[in-house]
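> Listed here are the chains, written in short residue letters.
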Amino acid sequence: MGRIFKFGKDVDTDQIIASQYLLFPTIDEMKSHTFESLDTEFASKVTPGDFVVADENFGCGSSREQAPSVLKALGVKAVIAKSFARIFYRNAINIGLPVIVSKVLYDESSSGDEMSLDLDHGIILANGKEYSCTKLPAKMQAILDQGGLIASLNKEEA
Amino acid sequence: MGYTAIEKIIGRNVNKKVHAGEIVMTNVDRVMIDDIMVAFVKEKFEEMGFKKIWDPEKVVLIYDHFLPASQVDDTRQFKAGNEFASKYNISHIHRSDGICHQLMPEQGYVKPGDIAFGTDSHTVTYGCVGAFSSGIGYTEMAGILGTGQLWVKVPETIKITIDGKLPSNVTSKDIILKIIGDLRADGATYKCLEFCGSTIFNMSVAGRMTMSNMVVEAGAKCAVFTADEATCEYCGLEYNDNIKELAADYDAVYVRELRYDAKDFVPVLACPSQVDNIHPVKEYEGIAVDQVFLGSCTNGRLEDLQTAAAILKGKKIAKYLRFIVTPASVKVYNEALADGTIKILADAGAIITHPGCGLCCGRAGGILCDDEVVVATNNRNFLGRMGTSKVKIYLASPATAAMTAIKGVISEP
Chain A
1 MGRIFKFGKD
11 VDTDQIIASQ
21 YLLFPTIDEM
31 KSHTFESLDT
41 EFASKVTPGD
51 FVVADENFGC
61 GSSREQAPSV
71 LKALGVKAVI
81 AKSFARIFYR
91 NAINIGLPVI
101 VSKVLYDESS
111 SGDEMSLDLD
121 HGIILANGKE
131 YSCTKLPAKM
141 QAILDQGGLI
151 ASLNKEEA
Chain B
1 MGYTAIEKII
11 GRNVNKKVHA
21 GEIVMTNVDR
31 VMIDDIMVAF
41 VKEKFEEMGF
51 KKIWDPEKVV
61 LIYDHFLPAS
71 QVDDTRQFKA
81 GNEFASKYNI
91 SHIHRSDGIC
101 HQLMPEQGYV
111 KPGDIAFGTD
121 SHTVTYGCVG
131 AFSSGIGYTE
141 MAGILGTGQL
151 WVKVPETIKI
161 TIDGKLPSNV
171 TSKDIILKII
181 GDLRADGATY
191 KCLEFCGSTI
201 FNMSVAGRMT
211 MSNMVVEAGA
221 KCAVFTADEA
231 TCEYCGLEYN
241 DNIKELAADY
251 DAVYVRELRY
261 DAKDFVPVLA
271 CPSQVDNIHP
281 VKEYEGIAVD
291 QVFLGSCTNG
301 RLEDLQTAAA
311 ILKGKKIAKY
321 LRFIVTPASV
331 KVYNEALADG
341 TIKILADAGA
351 IITHPGCGLC
361 CGRAGGILCD
371 DEVVVATNNR
381 NFLGRMGTSK
391 VKIYLASPAT
401 AAMTAIKGVI
411 SEP
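Top to bottom, those sequences are chains A and B. Under the numbering used here, the first residue of the first sequence is numbered 1, with each subsequent residue one higher. Under the numbering used here, the first residue of the second sequence is numbered 1, with each subsequent residue one higher.
Excised from the complex, chain A in its bound form:
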């Protein structure tokens, strides 16, 4: 089980991690600034296993891979949104952060609610209710299963 942290519509990558932090030498140094312009306490409140739940078009804007990377580094288990911007979506899969489309969870959940996720079967359990989520294309699922693009490419070569 993990807690839900809710964010709205069109959350852009500048809001996830602002450009002035992109050149911190490591993701670990960047991660305390995650969502800073929306919620200054997010990075200190979130604990490994928690979830980010958002409305439509999560991760729009720049191509910065640091955006999914800081979420993963903070231990966010998955991002569940009504829809995702495409570069964020690809980047998340490539670094092994599950990104899951659910059209209803956002409307039926609140920040602080507890939820669990069964990735293999695409099932979310929240507030005593089951939600099924959209499956990834096989190509992307294979990359995610292997822990991201680096692991996946290493495997192809082996």
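Treat the hints with caution; some may be incorrect.
[To be verified] Label pairs and their calculated CB-CB ranges:
1) 198/B with 24/A: 47 to 55 Å
2) 26/A with 83/B: 15 to 23 Å
3) 129/A with 151/B: 33 to 41 Å
4) 351/B with 110/A: 47 to 55 Å
5) 145/A with 148/B: 20 to 28 Å
6) 390/B with 110/A: 22 to 30 Å
7) 56/B with 151/A: 22 to 30 Å
Think of the hints as simulated: they come from the structure by calculation, not from any bench. These numbers were taken from a predicted model, which means no experiment stands behind them. Using N, Cα and C, we set each Cβ at its ideal position, and we do this for glycine too.
On the provided structure of chain A, position chain B as indicated by the hints.
Just chain B, lined up with the frame of chain A:
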């Protein structure tokens, strides 16, 4: 069932006929890596265990976001880029020539039918010359550098037709802002926008570049302006059958079609703080402005500077206003210098800066403080983009920017 322009471009690359929805492995013709991402690309490339770049000739490294360096962190990126280039034999490296999305078409790195990827979301710009281009993250870029390939899902296409003559105070920036407002910020997610009609046919490649640059603000994967004679002249190519065949078929299948009459467009603004928050300039006239910015990969080309100069000629900018002009490349800067455009802008009171991304991405060269208002010709007005999160950013055309600079308040050109 015919083929859309993007289906034809991707089909030619993978050597088979493809329709939207298919996942294919493309052979990449060109990649662009910018200074923000190069150190991360290098790290991932080496983590993946690659020993050499698949084809260094196809790699272009461009320093623009931190140029010239204003913080010690910035210089670290240049150092990492230089080391990467020399270790893996990258010879196309631009250390102070301008903004990546200007240089890629301008320097002839992308041509009609090419497939190109870059580590920046505005890589969609190269659709202006009939290429398929899109932004990716640094891990995927590292993968391409090792393998020369990237998988893509062939996108569905939204066809946008614009016919007729534009009002004299409307530019291609107003057109693309209006379209983003109509589509909304996620209205084209995963999709291609194909632009056609007589207005597009009569538009300069520079004007098309402004439009393709911004399609990502509606979530699009790419834009295509089918290559025509103007494209070929820009690219120094012969307009031959090989290029003509890349045009969409008359019976191509589109997921959505939008039609516009050019005479209906008016000067518009993207109001704080979403790019799809579009309103006519007229409705916002009179709002006091602290700074005007003319430049960026969206609107820093010669014709943009000339448009502003035509309005500013013999006039002075408003008292207390800062007017920052950033040509998109050294070539543009020199052309604007040679034809007197820079002189007109400087005489009016503009600060002319070196080409680069600094202000647009909020790193340097004119960032703003709480409660200040800026009218800017770049492509994003996100919260905190050009300074603090309390800066109000209005995106506009070069004409609106110039008129606003004179009046000191938001003004229709």
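> If a hint holds in the structure, say so; if it does not, say that too.
Status of each hint after checking the structure:
Hint check: residue 198/B to residue 24/A, Cβ distance near 50 Å, so the stated range 47 to 55 Å holds. Restraint check, residue 26/A to residue 83/B: a C-beta distance of roughly 18 Å satisfies the suggested window 15 to 23 Å. Between residue 129/A and residue 151/B the CB atoms are about 35 Å apart, so this pair conforms to the stated range of 33 to 41 Å. Range check, residue 351/B to residue 110/A: about 49 Å between beta-carbon atoms, so the 47 to 55 Å window is met.
For residue 145/A paired with residue 148/B, a C-beta distance near 24 Å keeps the hint of 20 to 28 Å intact. A hinted range of 22 to 30 Å for the beta carbons of residue 390/B and residue 110/A is consistent with their spacing of about 28 Å. Separated by about 26 Å at the C-beta atoms, residue 56/B and residue 151/A satisfy the suggested range of 22 to 30 Å.
Every hint, counting from the list given before, is met by this structure.
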